[in-house]
Amino acid sequence: MPAEIPFSDDGTPVAAPTARVFFALWPTPAIATQLHQLARDAAASDARIMRVDTLHLTLAFIGDVAVDRLPAIEAVGDQTVWPRCTFHLDQLGHWPHNQILWAGSQSPPDALANLASELSSGLQTIGIRLAARPFVSHVTLARRCRHAQGKAFVPIEWAVEGGVLAVSHRDASGARYEIRRRWLAA
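Numbering-wise (full-length UniProt numbering), the sequence shown opens with residue 1 and increments by one.
Heads up, a few of these hints could be off.
Below, simulated DMTMM-like cross-link-like pairs (lysine to aspartate or glutamate); rule was C-alpha separation at most 25 Å, straight line [claimed, not checked]:
no., residue 1, residue 2
1, Lys151, Asp64
2, Lys151, Asp46
3, Lys151, Asp53
4, Lys151, Asp41
It is worth saying that the hints were derived from the structure and are not from the lab.
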């Protein structure tokens, strides 16, 4: 039986509520503080440095979905094996085409790419296809960064202990993220 389409008082269809969601690794407050300091040290002065509470590593960006799809998306997270690993952040990078300053690893653990692939496959089973681009494990440190100051830094050791499903909210101050669900590493 098809879902009933809600209508407003004037007879126009009402759009189903949506949420902008993504699976991610979320750093501890201590790691987030280190990443934020790295951003302040390495970003150009006119760059928009990410707030400490927004720093994360995206595993699977899903985008806008109907709110009633969230339980199925959470079930994908439930069925995923969340690995315990260490992400050695020892590299700064800059993507000029979108003016992103990022931190990553010269040798990221295979577990992260495998996790991103497992999430992508799980999402496909519920009819959600992700953008076809290779997974690059990184943390966005700053936006509108025209160039990076290539300073040496002490590598950051991030002990990955699980992941999250996050909801993105936009307002005048930028993006704000709400953690909808957490999963602990096996």
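Evaluated hints:
no. : hint           : in the structure
1   : Lys151 - Asp64 : violated, 37 Å
2   : Lys151 - Asp46 : holds, 17 Å
3   : Lys151 - Asp53 : holds, 24 Å
4   : Lys151 - Asp41 : holds, 8 Å
Checked against the numbered hints listed earlier, the structure breaks hint 1 alone; every other hint is satisfied.
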